[in-house]
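Participant: Protein sequence lines, in the order shown, are assigned to chains V and B. Each residue of the first sequence is one higher than the one before, counting from 1 in my numbering. Each residue of the second sequence is one higher than the one before, counting from 1 in my numbering.
Heads up, a few of these hints could be off.
Derived BS3-like pairs: lysine-lysine, alpha-carbon spacing no greater than 27 Å straight-line [to be verified]: (1) B:19 / B:112; (2) B:105 / V:410; (3) B:105 / B:115; (4) B:14 / V:410; (5) B:115 / B:88; (6) V:410 / V:269.
In case anyone wonders, no lab produced these hints; they're calculated from the structure.
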Amino acid sequence: MTTQAPSPDFVQKLAEIRAQFPVLEREVHGKPLIYLDNAATTQKPLPVIQALDEYYRRYNANVHRGVHTLSEEATAAYENARLRIARFVNAPSPKQVIFTRNATESINLVAHTWGRANLGPGDEVLITEMEHHSNIVPWQILQEQLGFTLRHIPLTSQGTLDLSQLDGLVNQRTKLVSFVHVSNVLGTVNPVARLVEAARSVGAKVLIDAAQSVPHMPVDVQALGADFVVFSGHKMAGPTGIGVLYGRRELLEEMPPFLGGGDMIREVKLSGSRWNALPYKFEAGTPSIAQGIGLGAAVDYLNQVGVDWIWEHERTLVRYAYEQMSQVEGLRILGPGPEERGGLIAFTLEGVHPHDLAAILDMDGIAIRAGHHCAQPLHDRYGMVASARASFYLYNTLEEVDKLVAGLEKAVDVFAL
Amino acid sequence: MDQLYREAIIDHYKHPRHKGHLPDPDIHYHDTNPFCGDEVTIELKVEDGVVVDAAFDGRGCAISQASASMMMEEIIGMPVEELRQWTKEDILDMLGIEIGPVRLKCALLPLKALKAGLWGLEEWPE
Ligand SMILES: Cc1ncc(COP(=O)(O)O)c(C=O)c1O
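Okay, chain B solo, but in the shape it has when bound (with noise of 0.2 Å):
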């Protein structure tokens, strides 16, 4: 247990960053999980092909709150063009945990909302 609910975690789900929205976002992108119920919305301030500022919105799990919060933390300052190339691999290693299958999809419903509006999709194609 103490392996998925590290303490990092958890105080990100308890008092996550960047929470909220952004006055003007380039970007909006809002994405949910049918399968739980967990939903993200993604909002970016973009200048020069760098994200100048960040902000999300959502409620669900600890895996996708936390996951969402600790993206903001990490995408603040970054091209473009290197979150567009970012995987799975990214987000576990930051999260720094080990997940199932199952709650494999919590843990990357904020990645699939940072890639599509940073793709400028309108939705996911299925």
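Isolated chain V (complex conformation) (with noise of 0.2 Å):
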């Protein structure tokens, strides 16, 4: 059904990339799985695994602290991985990537170090509607501290910012613009260039969550122009357990510490610390190592296969699905057009409820997300409590989605009865 064949090259391409993720080759309840649900967390290749497997069989040691032999292998394999990070959103130099667990934390790190210092009454603190709780209760549990208020960007009824308003809601009391750079639920992507230049106008920071980006087009932090970026590793090939906060190098020097402890320090005496140079400064304790080295071998990947290549792929598959998904009885894409969004689609099918949808779906072997994705704000913005998601990744093929549609057909059949 697919509307043009598929050069030979790029079909040549795609079972190479599916080659490298083990786990594609699983069934679920008998079929083979079809993973949809990437938003939430992407698959792993063997270049990542084996990166996790071969630190934990052969220089596991603590990093930064020893000088034998394997705790130098380890520094240097963990510090070369944020060399590679740092170079995959080019940012300038990798002691502006700060390991965190994951975005959320990066998020945290902002508003508990930046946020406490700058932030207090009669301040603003802008955000979107779009926003994933993680940009939203941070602000929150800081503002009943701090008193600051939190305002936010509506959403118009096509799921983009309503930006009528802009002028207003960026103002001289603002202090931060913080907004998600692809929705996890709409796909609707922001418009950074415009709301970064509202902010710069009026002397505001800006902190861009992108983790529905960095895993799936190219991006560039310096390019962005925003003073902090965010993203985490287990949305782009990579392991659980670490993310990333980049910054702009003069911010990170003035911000005080996040956590206390080890590594973050360069001089501790009864009477007082000193802290440690930029990144370690907001790396207290032993870090995720094996987690560090892993996404070091998920951006090589990544680079490798081509960002510019996954972007267009996700394209492809994102206006075919909005093409066949429109289709179906009763089905209701939320947010805009397939040429506005990144690679995902979340929607409502009438009369059935979400978590229905994916019981029923997960039957044939697909995996989507059912329920609020995190972004309560959003779907009572539209009505609704829940919604279903189909997000795809590199490894996604068209017949995937035409099986994806075939069972929606059928759950609406099931529940027509």
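Hints given; two lone chains; assemble the complex.
Facilitator: Now the structure itself:
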């Protein structure tokens, strides 16, 4: 049913990619796994699995501490991974790549350090109505303690940001504009340049939640022009337990530390301590060493496939899925048209609750997400409690989209009774 | 799939029995499942220790809503003392399907509300 026959090169490349992901060989309820929950977390390719395995088998040791061979090897591998991750997003220096557990921790780090030092009564933090809870709740917690005002950019009925009131929302009191690059529910790719420019015009800082963009499209943190950019390793073929905070150098230098402990200090006296240099000032305690090394292997792998290729492939998938899913009776897609979105589609199906839908599709080996996807305010805005979501990555195929659509038709039948 | 969504479940979901409110309930309890947003409110009329009328209201997936609907049919005419002893197994027998750990929460939400109401709890102890 696919409109154009794909080229032999393309078929070959996709087959090679799929062969790198062992989990794709698995069956679920007797059917080949069709994994369409990539916005939640992605599968891991062999190079990443092997990098973890090799670290634990051959050179497991703590970093930055020992002078013995294993510790030196582990430190080199871990710091080398940081360097490659910095290059992956074009950060000027690996010192500006702070390792955290995930995007959520990265945002909390900014809230607790930069936020505490810079926000108070009369100040405003501006977010959007489409944020993931990780870019809402940290600011709400801080707001209670510091007494600033948290405001948001509303959504249009099409699932894009309503920028008609932007001039008022961004004003002299605004200290931070914090927004999602690509929405994990609507798929909307937000107008970064416009928002950054508005923030700059009043001297506000900018944080971009790139959890759903860095894995899928070329992202250059310098070109984005943000002060902070956050993302998670596990959503980009890397391990869980490793995330990134990129920050502008001057800001990171000025900010107080986050957690206190080992590694983050230069000198400790019982009368007081001095902080370590970047990035270690923000990395207290033994870090996620294997995971950092694993994320390094993940970015190598993504580079090898080509992030441009991944983005184009996801465009093909999402265009096709949008067209096919639109034809399912009673199916309503959330968010903008296929040209304005990343590789994911959240939707509702009349008469079938998203959880039932996910359970029915699971019987056919198809993994999708159902729920509020950690974006309750967004669902409230559209008068919904939950939605279903199919999200794509480099290994998904047009045939899998066909199977998804067939599964949706089947769900309609089961519930048509 | 046919195991999880046998016809009776879908029938109860699409045509819920005793859905609505009682004019003057003796027991009223509302509960939610924050994980998936399922909601159930249960209302009971009790005379001489026996449930003489029951109604539920709510929204959510087929499992939670069918579970509530089937439960209403079962409990009318039953002694409160007996219902207080109801367990997970009673609900699973009633539904007649096998359920994994995640969806079990959906299936058991009406039971949770029923029991809280019958024991006169303000709120579930955590
Ligand atoms: C847009 C967006 N931001 C933030 C997050 C949080 O990511 P994590 O749970 O890895 O911290 C997610 C993932 O669910 C997301 O989709």
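Participant: Each hint needs a verdict: does it hold in this structure or not?
Facilitator: Hints, verified against the model:
1. B:19 / B:112: holds, 18 Å
2. B:105 / V:410: holds, 25 Å
3. B:105 / B:115: The hint holds at about 15 Å.
4. B:14 / V:410: holds, 17 Å
5. B:115 / B:88: The given pair, whose Cα atoms are some 11 Å apart, holds under the 27 Å limit.
6. V:410 / V:269: Violated, because 68 Å separates the two Cα atoms, which is more than 27 Å.
Checked against the numbered hints given earlier, the structure breaks only hint 6 and satisfies all the rest.
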